[in-house]
Structures are given as structure tokens and as C-alpha cells.
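Under this note's numbering, think of the first position of the sequence shown as 35, with each following residue one higher.
Please keep in mind that the hints were generated in silico from the structure rather than gathered at the bench. Heads up, some of the hints might be wrong.
As the list claims (entries may be wrong) - Derived CB-CB ranges, DEER-like:
#1 T491 x P397: 17 to 25 Å
#2 E224 x N569: 44 to 52 Å
#3 S434 x T646: 48 to 56 Å
#4 A283 x N569: 49 to 57 Å
Glycine residues also receive a C-beta, built at the ideal position from the N, C-alpha and C atoms.
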Amino acid sequence: MNFSTVLIANRGEIALRLVQACQGLGLRAVAVYSDADRDAPYVEQADSAVHIGPAEAAQSYLDGSKIIAAAQRAGAEAIHPGYGFLAENAEFAQACADAGLVFVGPSPENIQLMGSKIAAKAAAVAANVPVVPGYYGTDQSDDLLLAEARKIGVPLLIKASAGGGGRGMRQVHDLTNFAAELTAARAEAEAAFGDGQVLLERYVGTARHIEVQILADRQGNVRHLFERDCSLQRNHQKVIEEAPAPNLAPEIRQNLLDSAVRLTAGIGYDSAGTIEYLFDSNTGEYYFLEMNTRLQVEHPVTEAVTGIDIAQWQLRVAGGEVLPFAQDDIRCTGWSIEARIAAEDPANGYRPEIGKITAYHAPEMPDLRVDSGVCAGSTVSHYYDSMLAKLISAAPDRDSAIRLLDRGLEGFHIAGPGTNISFLRDLLKMPEFTQGNHNTAAIGVTYAEGWQAPSPTPLQQSEAVLARLLNMEKPGADPWTSLGAWRITELADRRGGALFLLGGENVHIEGRSGEYSITLPDHAPFDLTDATLLNGALSYEIDGLRSTVNVQIDGDTVTLHSNNGCMSIEVLTIDGILLSGSDASTGAGNQVVAPMPGLVSEVIAKVGDSVTAGQALIVLEAMKLLQTLTAPCDGTVSHINFLAGEIVDSGAVLVSIEPED
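Could you build all of it, start to finish, from the sequences and the hints given here?
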């Protein structure tokens, strides 16, 4: 290889993955970090690390000049961009070459070509690869786009030409809404990618999302590593991916693989990459969607079924090595499924969650891989995307891979910010998914009214109360003496009783020395024996059956991790109840409040405007997503407290409304 030290121009789980890939090849790995990532696991594991600026990505991970300067300072001869940030930035790839550094990825020309969805479609047509009917022209005038939209018909998609991950994408089902959706798509594309160009496509609503992994060297050898199915998506963002694709006819599979190789060879590609397709299972037709000129988030499932380390081969190809295997040497064996674990609240519109991770436990099981960028003590901030980890199962067949992944998710415990683990487990049980008949619309159809978080069972409520009580006990002290006004000394003729509040309902607990009786409203008492809380593990017996539950307690919130999944329950004492009763709502029903720290991207309303409940007022950018905040009531805008471009804290009052009488 023509380099020995590689700078990883990324963060989180992919940075750690690439550090390990470099070190596995005997290369030195240099990390870069912002203020927010100083203590991140990938920084600790790298051979050395360079600080590149504040937490804002624009001033650190997206600043190509800082990245190149860091590489030169650390003596790196190559830069690996990972995915996201600068991975598909042709100007950065060229700047690396100009600085005498090897860019671990394709040529700037390839990135430029395939980074434009408009140009990529033209390349696909030239390679005789079918594309979705639509408009891919450079004329971006409103009138022409509307005329083309009428030709295509509804439903259609407006898509950012330079985009990905669902940003800058809008569905249009009624052409009277086209102008508004076009404006929104352009604004999001400009904010996310610095390029407001869009294309129009016929919307294939029941399509599957299938992609082919490509590996090509700099001597013209192109190999496919078979396909992946990434159809379980929400808001055009992948949630669960697998290899190979289920229920795919052999001739269609071969056509997809052949067309991917043909397109890759036709543009002279020379790195790892992915050709993505929409596949209409009703008609058997497939269409080129885009090419990702980088490593993919879901690359581990392909590694599992082929045995080829894609990250290492990407480095080896960049170092001048020739692919040593022929196409017929590559086999697809077994099945692998990946789930993306994110800090988000699926029951609240998938709103990103932030905060400190107070406990972290990843499962350790054979054939179960964990790619993670966090640990206990890590802080999830609003500056970056919400993905925390990836869990990947590998098994001889699909059913076994699903069961193994579900078992792994069951044992994955993260406390602090909320996660989507329970949501992921529900997805694995969807009939469409278990049968392999799902498509990109499956989540939206199954959860048309939104995913609902499971309610705590009576047993879980009792566990939360018991954990809260035992946690309040000081070493060597009687817990009943520390419960303030809730202590009851003569309950049912027994010394030692207390009262808690769950969801507005009183819950009684009485007992001592490991034996307790817990009474919930309208439920028979739970009689528990041999109860202990040690090192975050709550153990007890009921009728001779021993149970152990991992517990984290943060103030009044008790989080349980058990075979039933993760459940957070608020268990109030007198102090908590008095506090919640005296703490006036920051919203008071007539204010728009920032749900998390972020950047005000756009102020839609003006002081004096008459608005109705649900009307868009302000757009907040946080964790790489744009959130449109709406009016909570009918009325008149009385105050707007921030301008576009300003940073706001969580809970900041953004807009105030004078309600209608």
C-alpha cells in the first residue's frame, strides 16, 4: 500500500469502525474530534487524534481545510471520509489530491457525476439501466417544473438533486399543493446540501428499495457483492436492512446485479459504492434510483453474507491493490439483518432525543455484531444525527436472523435519552416483514396513526415503585424514615407503608427487609419476597419465581430493562408532586416552545398575523433534521423572540400567540 497512516474524517460509530479497519491492516488511524466529541470512544481507540473546532459541524467536520490541515499535522498520507459529512463532496476529494493526500473513495469526477441525481440518471440511461419516469432537466423555473409535474401526474416526488436521507424530498398528491411543496423541498435541500436543484419522479408507492454493493479497483475490475433490501423506511430514511433481499426471483436478481456492474464499469468507478433501485414487485419492473459513492451505513450485512471486509478493501483499493477474487469466487451465504438504534421518540413523531447516556449495555452473543459510537457517559447532542448504534445478526436463514436480532434488541439497554428499540422490535414482528413482502410504505400503512409506545403493565408499575423505594433508602437506614410527608406509620396495622403517585393514581407499598406488598388501583396486591436493588439490578420473587430487572433511576423517572423491553415510568413522591404542581407550563397553551436546542432555520409568521391551530409558524433545525413547529391555538401572533440563524436552547419560547376570545 502507498500509505501507512489514515486520518478518519468522521465521528461516532463509523469513525470507530474505520479506526478498527485501519488497525486491522497494520495502518495507523488518526481521529479528528470537535468539542462535543473530545471523550468519544473512537477518539480513545485511535492511535492519535486532532481537535478541529467547536461542536457545530460547519466549523469542524464539514470544514475541509481543517480536515486537511489535521492530516498534514498528524503525518497522515490518506483521508477516509466515512459516510455523511464530506464523504460525497467532490471539491473536498479534489482538495485532498491537490494537497498530496490519498482520498479513500472514488475520483472527484465520479463523485461529481453521481452526486447529482440529474446527471446520474443520464449516466444510467447511457448504460441501458431503466430509470423512473420523471423530469431530470437543468431548467429549474417554477413554470416548467409545474408543467412537467402535470405530465408526470400524481402522486409524484420532488427530490433534491444533491440530496439523500429523505431531506429535500416531498410527496405531492394534489397539484394545487405543488408550489408550496416545491418551495419547502428547495429550502430543505439548500439548507442540507447547499444546492436547491430538484428533480421530479413518478411516485412508486408500493416499491421495494433494493441496492447492490459494488467494489471496484483502479485497474478496471468491478465486482458486485450481491444485494440488500432496505425497504423498511420511515420518512424515506432506512430503519432495518438485510442481505440478501427476500422473495426476489433469480432472474430479476441477476438483472439487478448485472446492470449495477454495467453502470459502475461505464463510469470508470474505482472504490466501494452502492447502486440503489426501486423494484415494483407487482410488475417486476426495476428502476435506477441513485448511486452512493461511499461506504453505506448498512455495509455490515453484506460483509456478513459474503465474508468480505468492505471497509478494509476500500482502503486496500485506495492504496493501489488489485481485487484478487473473480466474480464467481464471491458467494452469498446465510442471512444478515441490521437495525439502526437511534436516540428518538417513535411515539412522538420520531422526535430526536438528546441528553447524557446514564447506562449502556450492548448484548454479547455469538453471530451478533454491534457497531456503536457511544458508551455510558456519552452525551447525545443536537449537533449531529441521532443514530447511536447498529445491531447486526447473522444466521443460516432469514427466520433465524430475525429471532437473533430481536433477542439482541431485547438485551440492548440504553438509559438517558429515549431510543427506538421497542419500535424496532415491533417492526421485526410485522407480518409483512416476517413474510418478506414489505415495501417502503409498510411502516406508514401499519402505523397510519403513528406508533404507540406500550403502556406499562401492572407488574412493571410495581417494579418501578419498588425500585424507587429501595433507591431512596440510605445505607443502614430505614427507608420509611426518609419518605417525608408520604410516610404512613400505621397502614393496615403494619408499620412501614408509603404512598406514591403513578399517572395520577395512588399506589401503596408496605413491608420491610425484602418483603413488600404493592397495591395498584383495581388490581390485586403484588406480594414480593427477597427483594434487593444492587448495582442497578432489581431482584425479587413472586410465588417462587425469581425475576431480575435492570433499572436506572433519574429523579422521578424509573427506567426498566427486561425481557418485556424498555419502559420509563414516572414515580412521584411528595416532592415531585409539589414541584410539578407549582411549575407553570412554559407553553401555557399559547406559546411555541423549542423541543430541543437548535438553529432557527426559518420564521414563517410575522407579529400581528392571524393564525389557526396547527398552522406552521417557525422551522427549527436540530440533529440534521428540520422540524416545523405549529400554532397551538387560534389567535394573533403577539411576539416572535428569535430571528432566522439564531441558536436557541431547549424550552426557549419562540413565538407567543394572543388566543381568540
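*What are the numbers of the hints the structure violates, in ascending order?*
none
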